[in-house]
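From first to last, the protein sequence lines are chains A and B.
Under the numbering used here, the residues of the first sequence are numbered 66 to 285, in order.
Under the numbering used here, the residues of the second sequence are numbered 34 to 291, in order.
No lab work stands behind these hints, which were simulated from the structure alone.
Cβ atoms here follow ideal geometry from the backbone N, Cα and C, with glycine treated the same way.
One thing to keep in mind: the hints can contain errors.
To be verified - Some chain A residues flagged as far from chain B (calculated, every beta-carbon gap over 12 angstroms): (1) Arg73; (2) Leu128; (3) Gly177; (4) Ile214; (5) Arg220; (6) Leu228; (7) Leu263.
Said to hold, decoys possible - Where chain B lies over chain A, by a calculated footprint (3+ residues, C-beta under 8 angstroms): (8) 230 to 243; (9) 274 to 281.
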Amino acid sequence: MFGRLVRRELVMAFRHGADTLGALLFFLIAGSLFPLAIGPSPDVLGGIAPGIVWVCALLAAILPLDRVFGADFEDGTLDQLLLSGLAPALITLAKALAHWLTTGLPLLLAAGPLAIMLRMPGDALPVLLAGLLPGTLTLSLLGTMGSAIVLGARRGGVLLPLLVLPLSVPVLIFGAAAASSKAQGLPARPEMLLLGALFALALPLCSVAGGLSLRAAAEG
Amino acid sequence: MDSAQPILGAARGKRWNWHKLANPGQFLRVSARFLLPLSIAGVLITAVGLVWGLWFSPADWQQGQTVRIMYIHVPSAWLAMSGYAGLAVCSVISLVWRHPLADIAAAEISPVGASFTALCLASGSLWGRPTWGTWWVWDARLTSVLVLFFLYLGHIALINAFDDRERGARAGAILALVGVINLPIIKFSVTWWNTLHQPASISLFSAPKMYVGMLAPLFVSALGYTLLFAAIVVSRTRSGIMERRVRGLLQARAERAA
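Please build the complete structure, drawing on both the sequences and the hints.
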């Protein structure tokens, strides 16, 4: 049942390919605005490249969030899902996984070229990508939970970033810090471990909180 | 069933029953009695603490007169955090037992908590300028308190975004509980990271690293702030209950007219 739900989400994402690619395009366009605004100096850009990639990835991951549950909530699919016997926490988890596969993974693939265009030091690039892996997974979990919480709210799309962005601050800090310390010749291990810890914390917490919100939304 | 009710009540006897307070009507009656003394005590004790701290306490040997900002900054920081803890407790009660009073209290705590957090950030910034030479640094303590401020604002925005108030309360409760992770991060940020903000001078398990002439006014103003916080929250909760009743009456009247 879990696998089928994930597969359904993926099929839906492929059928609406433009929506799925929207986040990716946003990531690349927003990232390429920085050299234009700050100036193309390699020293300046190289120093802030990890931060730019992380902030753009965070914003791009938030972009498609209101669709995660929105359509299902409106047409009643969500009620069917809750009746299917799959625990609400697992529904949230499946949705988060699908969100990561359709948004987080493409971002991860596009982050390398963007970082090179921003003149990021070459040896920090693997650390940046390795940090983005647990980072985007955590962001998908947080975002899916947020999207479940705002179900049924007026202007949920505006509200969602206000709720998710403060919660994702630790991920951003440690993710960008890992790549920055590697670029400065320091070990990135502590930040990477903290990123892993954040993911391990978000995995049960976001699923349970999201499941709780789904049930509340279906009742209300 | 009806005949069993009085017996049950008699068996409980005179023992104080906290669950009775969860009844909004009962809360209104009980709180009406202690709201005025609570407010007066809050205002008086805060005034004593602040006057003592701002005029009659010794200046710091290192910071001089600027240390007096502490009597405003530290209590508001404590209240910002314990206010969030209170919000979290209300959220648990609202999610587990669905007491409507907990929903109203949670909705009324967050604006007050947000104000105390803003006061903490503003006074800390004013204190940072003469002692650190800057209004703001992005160290762990300041950043995590800023996140706390955003969490309060997000909670306020979320509970007001639903047409159905009960749905808003439940969504807000879930969000508040997720945000609780931030509290230990704030508390231990000065221990875990090497920050510009100083580590705690007052601890439960060791002697305070502070002169007692400064400690006493600090505790007095902290007590005053706490009572004031409680008084504001109780009076806001009272008006919240009455607001709901008025809305209920208006709705009933509109339905009768239709």
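Hint by hint, here is what the structure shows:
Annotated as non-interface, Arg73(A) keeps its C-beta farther than 12 angstroms from every C-beta of chain B; the closest such distance is 26 angstroms. Non-interface status of Leu128(A) relative to chain B is upheld: no Cβ of that chain comes within 12 angstroms, the nearest being about 19 angstroms off. Every CB of chain B lies more than 12 angstroms from the CB of Gly177(A), the least distance being 28 angstroms, so the non-interface label holds. The claim that Ile214(A) is not at the interface with chain B is violated, since a C-beta of that chain comes within 12 angstroms of its own (minimum 5 angstroms).
For Arg220(A), the condition that its CB be more than 12 angstroms from all CB atoms of chain B is violated, with the nearest at approximately 7 angstroms. Distance check for Leu228(A) against chain B: the nearest CB is about 5 angstroms away, which does not clear 12 angstroms, and the non-interface claim fails. With a least beta-carbon separation of about 10 angstroms from chain B, Leu263(A) fails to lie farther than 12 angstroms from that chain, contradicting its non-interface assignment. Proximity of the region 230 to 243 of chain A to chain B, defined as three or more residues with a beta carbon under 8 angstroms from a beta carbon of that chain, is established by the 6 residues found.
Figure legend: the region 274 to 281 of chain A, annotated as covered by chain B; annotation consistent (4 residues with Cβ-Cβ distances under 8 angstroms, at least 3 required).
When each numbered hint is compared with the structure, violations occur for hints 4, 5, 6, 7.
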